[in-house]
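Enquirer: With the sequences and hints as input, model every part of the structure.
Residues per chain are reported as follows:
2 protein chains.
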Amino acid sequence: MDQAIGVIDSGVGGLTVAHELMRQLPKEKLLYVGDTLRCPYGPRSEEEVKKFTWEMVNFLLEKKIKMLVVACNTATAFTLTELQNHLDIPVLGVINPGARAAINATKNMHIGVIGTDGTIRSNAYPQALLNINSKIHIDALACPLFVPLVEKGMLHGYTTFQIVSESLEPIRQNNHIDTLILGCTHYPLIKDTIQQFMGNHVSIISSSEETARETSTILEYHELLYKGERIPNHQFFTTGELEIFEKIAKRIFNSSESNAQSVAIEHTVIS
Amino acid sequence: MDQAIGVIDSGVGGLTVAHELMRQLPKEKLLYVGDTLRCPYGPRSEEEVKKFTWEMVNFLLEKKIKMLVVACNTATAFTLTELQNHLDIPVLGVINPGARAAINATKNMHIGVIGTDGTIRSNAYPQALLNINSKIHIDALACPLFVPLVEKGMLHGYTTFQIVSESLEPIRQNNHIDTLILGCTHYPLIKDTIQQFMGNHVSIISSSEETARETSTILEYHELLYKGERIPNHQFFTTGELEIFEKIAKRIFNSSESNAQSVAIEHTVIS
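Those protein sequence lines, which keep their order, are chains A and B.
Here the first sequence is numbered in this note's numbering, starting from 1 and rising by one per residue.
Here the second sequence is numbered in this note's numbering, starting from 1 and rising by one per residue.
Bear in mind the hints are in silico, worked out from the structure with no lab data behind them.
Treat the hints with care, as some may be off.
Identical copies carry no separate label here, and so any pair may be met within one copy or between two of them.
[As the list claims (entries may be wrong)] In the DSS-like style, the derived pairs of lysine-lysine whose C-alpha atoms are separated by at most 25 Å in a straight line are:
id, residue 1, residue 2
1, Lys107, Lys191
2, Lys107, Lys27
3, Lys51, Lys66
4, Lys135, Lys227
5, Lys135, Lys27
Expert: Quick look at the structure:
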């Protein structure tokens, strides 16, 4: 099917999902909106997150999409069920794919989850994990500084390591978990630093990669995969400044898999 | 939802899918049929495979199932589309989950596929892989001796290694692939021997594990997951001899994850 997959995020975090979609589904076209202007969503009220999310969704629906990926954990936590009930296209969030992958990975049944204030407050990951297996032990921790860090492009270096260490200390002290879910699509961008601090005995689960896998599953199940041959032209929209969005997009997409694909980035107003 | 997941296979191979389902979805109940009497399906005609598959499906439909997993690659290759068109419950095969996982795993875009005569003849894996990414190079090889080997319980030892080596030599000689799909649910039972012969630089993809992951995705997407608390009582049926079926089932299920779950094995006639 010719139409694009719509991807929405509060900012640049969803680009990690977009990158995995390009890698795993190289013939599919993406339409992406990052609401960088109003990022982060984490500290906002449920009402605000819902309003902003619907603005992104309506922007993409006008452009005709065949499936919607909510590539933001906060937006998934607050709006996924509502979107699934109201839209007549498949809607996938990032929480359940991450939860399923963690259940697959853990051996000692102790799973850690880190995310924004909003995601952790919503209790969405513990609910998703316990729905599947009620014997799982869960340590959840909000890391409110990580999204601003990533949105500023501070992905490496001393300050980044300091902030990551201080934020994760409570979950490392506990020393029980063997699996840690990055419950925010911004976090894969600082995954190396997180892995370094947590140690190699902890499996780090990126909800981005898992969400791309499940997008492939859902598209095929609904017979919505693009069947022909093409090198897709992706379109990315940011509500904020182009420069920083382009800088981070370039860093994420600058790998062999996505080189052949064209990515146009534009500024837009959605509200 | 209270109803069971139905799982069908030509014999004991699908037990590897059942085991992964128990591990990843510990509250879900399974109803399994293995057509051991008429196994292997690999060398049979499309018509025969379709007839036998429908007999298993009808047996399970009478017992009310909420989803069907076709845990046999040969049956998937020949009947999946037909089953999906005719049944009003979700139907998942083992081919697409394996293909998606291989695309996720490969770095050099060279993927090997081994399976029964029927599966390789059907060209289902190359089709599934190329549908997603037309730049993938594929080496496909039929290994007709592997299913009889496993069904006889010969999972280790000198003869097993000899048969595996001689069968896989053509695909190892080629020396290009970095990922090998076990395109038959019997093969995970001799995965160690296959890995030993192919070398550690080759990622071995078990379609069983991936199919369990996607079953979880599809059940959640259709709001069919069991929401309460229970330790499920699984029921397994074999059309063949109980003894060998029980022996292999015991070997597969004798791990910590599935210890708490009860598995009843019975002989049945389906045709």
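Enquirer: List in ascending order the numbers of the hints, as given earlier, that are violated by the structure.
Expert: Structure breaks no hint.
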